[in-house]
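Build the full structure now, drawing on both the sequences and the hints.
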Amino acid sequence: MTKTANGFDLDTSGKRVVVDPITRIEGHLRVEVNVDDKGVIKNAVSSGTMWRGLEVILKGRDPRDAWAFTERICGVCTGVHAVASVRCVEDALGIKIPENANTIRNIIHLTLFVQDHLVHFYHLHALDWVDVVSALKADPKATSELAQSISPWAKSSPGYYRDLAGRLAKFVESGQLGPFKNAYWGHPAYKLPPEANLMAVAHYLEALDFQKEIVKIQTIFGGKNPHPNWLVGGVPSPINLDADGSVGAINMERLNHVGKIIDDSLAFIEQVYVPDLVAVAGFYKDWLYGGGIADKNLLSYGEFPDLANDDSNKSLLLPRGAIVDGKLTEVLPVDLKDPEQIQEFVTHSWFKYPDETKGLHPFEGLTEPNFVLGPNAKGDPKKLIEVLDESAKYSFVKAPRWRGRPMEVGPLARFVVAYFSGREDVKALVDSTLKKLDVPITALFSTLGRTAARGLECLWAAQNLKRQYEKLLGAIKAGNTATANTSKWDPKTWPKDAKGAGFCEAPRGALGHWIHIQDEKIANYQAVVPTTWNAGPRDPAGNLGPYEASLLGTPMADPEQPLEIIRTIHSFDPCLACAAHVISPDGQELAKVTVK
Amino acid sequence: MARVETFYEVLRRHGVSRRSFMKFCSLTAASLGLAPAFAQNVAHAMETRPRVPVIWLHGMECTCCSESFIRSAHPLAKDVVLSMLSLDYHNTLMASAGHQAEAILDETRAKYKGQYILAVEGNSSLSLDDPYCFVGGKPFLAQLQEMAQDSMAVIAWGSCASWGCVQAAKPNPSNAVPIDRVIHNKPIIKVPGCPPIAEVMTGVVSYVLTFGKLPELDRQGRPKMFYSQRIHDKCYRRPHFDAGQFVEAWDDAGARQGFCLYKMGCRGPTTYNACSTTRWNGGVSFPIESGHGCIGCSENDFWDNGPFYERLVKVSGFGIEGTADDLGLKALGVVGVGLAAHAAASTVKKLVTGHNKPPPPAGKAGGAS
Amino acid sequence: MKPPLSPPTGHSHGLTRAPKAMYVYEWPVRVWHWVTTLAIFVLAVTGYLIAKPLHSVGGEASDSWVNGWIRTIHFVAAYGLSVAFLMRVLWIPFGNAHSREIFWVPLWKAAYWKELLQEVRWYGLVKKAPAKYVGHNPLARFSMLFMFVLGTLFLIFTGFGLYSEGTAAGSWQRALFGWTSSFAGSSMTLRTWHHLAMYYVLAFSVIHMYLVLREDIMGRTSMASTMVSGWRLFRDEGTDIDDAEEPAIRRGIEAEVRAEEAKEPVPSPAAQGKG
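Residue numbers (the working numbering), protein chains in the order written: chain A, 5 to 600; chain B, 67 to 435; chain C, 6 to 280.
If you're looking for bench data, these hints aren't it; they were derived computationally from the structure.
Warning: the hint list may mix true and false statements.
[To be verified] As a list, the in silico DSBU-like pairs of lysine-lysine whose alpha-carbon atoms are at most 30 Å apart:
| id | chain 1 | residue 1 | chain 2 | residue 2 |
| --- | --- | --- | --- | --- |
| 1 | B | LYS236 | A | LYS387 |
| 2 | B | LYS177 | A | LYS63 |
| 3 | B | LYS396 | B | LYS236 |
Model, not experiment: these values are computed from the prediction.
Now the structure itself:
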């Protein structure tokens, strides 16, 4: 038994359980745990198992193109890297974007929050709480009553549920379970009654149909989704309400379309997502595992500047700040450019530093792949890796630290930072939900708390989407239709040498991009992404990151059926393609990796 | 008692009549070059055949293809996944994880040998010496090759699987390659795009399932039905291109009137895709309609054909980097300077030696005439 | 009417002693040359404007067709170039020996390389006097083949490849040239190649024009006017030999010309030419 620097007890003596792949996430994640004889997790190892090297690829390219490359880091939280990228380029070059461009960017980005949180809850996370097979036992009439008791949502008649139950039965009878095959149906960790399960299955399917509607806002302003188009200096879609050629621009029809989608989204979240969330949470109130470092260290870069080109907390709708060592009421200022604050370590990552006991700020960061398994690892990386050795290198994710501490990022971190920064809108949402569930605020620091914070943030995002939309209409009414600032579009107007940082809050948490532009080209580029903060391995001091810490102490009913593990990991909404990235700012050639 | 639902039952459940079903079987038989009598056999096969299992693998990718797939409006993604086929393995959607998930792969290989479709999102490194992607502890390359071996056909989703896409852009640090570099002897349908259009993805799948054959492919392995024309050929802004009406700067008068985005670097004229006709997200818009040029995301090497905001690609050669015009004009300049120098030197030489002056008519050598 | 293929002088002097005038370029070759010249000029200008269009015009799109015209002119000129090129190739079996010179070079012959070196030395201002050639000199042949003929062929193939992208599936352009974009990897890459190849041929054209003018001024044979009249005039009649080994080399190459002429019917003495 050892104690980590951040106060967790580790015991590696028990049975090792490997879960790989962790499914229903973006990317490739592996988790290994040791459980004691009672099935309680005593050690946890989180490993990102893919690397693509996008920042190496960015070197030497046009900074105005960077958003497109970085956007392809992740297609689930599509656009977040584009936001951070255009912001870092604009920061470096001193470009001020027009007010409307800021508002439209907020609309595009809020749209992602709404859609991504919704898809995460129903399609990536719900099956950790909802037993699809148990839904077969549900009484359609009782299900209808349950649904109607929690929400005015129209699709809740007994006939609707009877039809669904019939189709579900037929599907299960077919013997081809498709995506529901080999899962953990009947697992004792499932607590919902059959009726709640059936209701959730109905909403799983409805949400699958509806999510594609939400993103149409991105399609209108960005031309497509996933991966809409962005622009350094503004947004690409011009506004032309009633002059010549307005059919080819953002006009009344387009704006009405956006407005309708926002209203529909708000209705779906208010009447389906949030009631479901509260209903499901009500059955799991005593499963408050998975907190990890959530009650200690939380970080938010803040998001949604209400004023263009102003990223101070007076402008940000969700504030920037850090909470450390459990001092919740003390929100500390965060500066992305301060070399003392954000640093990345690679002691346990498959990368190489000259001195791996030290962390590097993104402006000085280095990433050279170095895939070596530790002495206690088992297996052959050309055939099958059986067990990793966490005493050595074990992940393609680096370990970022804020003032030396691992930090949790994501909806929970944002909401806690906002709550303790005294944001009334967030406080009202959180307090009313806690009251409804009759749990103390400490209940937030758990798997379920993370999931709840995401649902509340989804509602918050939809409400603010409507506000930003109205703000856009107001600006257009006042005669302001500019959407792009092209004064520094031409590379000849740029300084020879410029550095910039771009912040962003992705649905999954704090995201930063750092760029160094030299002679009109990218000299180096670096991103520190949400899942790097959350999924990162240990640092030289032995501090556990959020994923690893959150699994400790969780009891498993059956270690062979890792439902509890994926439930907690899913509550972070992992995005591994984001996390496993690389930068080589000094332009060093990547060393050829040798496999032992 | 578990019973396998057949393709016929699925069609019936979707309101297809017995009569239409038989007609469809005749057409299928005909399209496969079979005699009309074989329609009965086709019908029998369809009536008794279970839904086609699909194994959807994720390699080095960003999951934008999966995200696009679930945006499909017609058919709805849920109908494709739950009724038309049997999506038995899909990292992002499946309920099971870890070894329960990996067991499905082995089971499918054994039970449906030669009968399942392998859909691949993302790609792998070229060799096992590049340890950049593991799934279930196995190198993704090994998993991909194993699953391809026993599949009926392979669908390469998106530009990663089709061309290599962003991770294969120079200098390709992970040595990523399109899947046809590592899968041989299997028909591969490439459905490129970053991501492909949702309805194009479900369109390809439902074509295969409905007509019981693989779509006709072009030279580069893409279904002709969606990739045989350029975005430019069907672009609603094409009249502005021909007229010579271009957006000259972002948000200028031309931009607000929907002029052609060619000068802003639009890759529509070089990109084969259905964006300008099928459009995106249920036909709401497509990049050009929303004011940004096409970046050519369904084209091979489009990342290295940048910058996206210039019509002319930056190429490098002879130690200089620039567009074809930069390089060409520089080369012409060098030639011009060279020739001028040569002319000057020739003149000097001539003045000095006086050698090449045409001799007087009465030359020393005997006249040839 | 077939013009005489051989100058009015006998072969007994060998080629070391040049005649005053020789008929070199038959009319199809001359027509081809000038059609191609015009086409290349038009193609280069319109091609440049296709890649970098003129400033936008206003009004309704249906009122203008600026870019459309530029492209149409480009296509017309391209057809002109291609048809002329094709006719020129078809002329090879009918034309004289000079009509073949630019389509191949005897790279396998040591004598050719020696002569080539002589020409390089002459143009490098090392050698004092140039050799005289009735048709193209070895260096000219080399650049004609590798810069002009192959460059133009490349432009024709890539050009039709690009053009076929806009033609219907099943069109002959697509059937014949559609493979070019998959060969290049992508349509954009093909465009870049086409664009770069233009500069390659332009570079040739500039060098070609310079050397022709220079030769006209400083050399001993007519150049520019030869492409108009077909006759090459030799302005001096002095020996063109200032390197001892030259005759042997020359005989090696020009033997082919002679062999060719031997096959021809009895050359009729040219009425033209002075004296």
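Status of the hints after comparison with the structure:
Annotation: proposed proximity of LYS236 of chain B to LYS387 of chain A holds, straight-line Cα distance about 28 Å (limit 30 Å). Between LYS177 of chain B and LYS63 of chain A the alpha-carbon distance is near 47 Å, which puts this suggested pair outside the 30 Å criterion. For the hint linking LYS396 of chain B to LYS236 of chain B, the alpha-carbon distance of about 25 Å falls within 30 Å, and the restraint holds.
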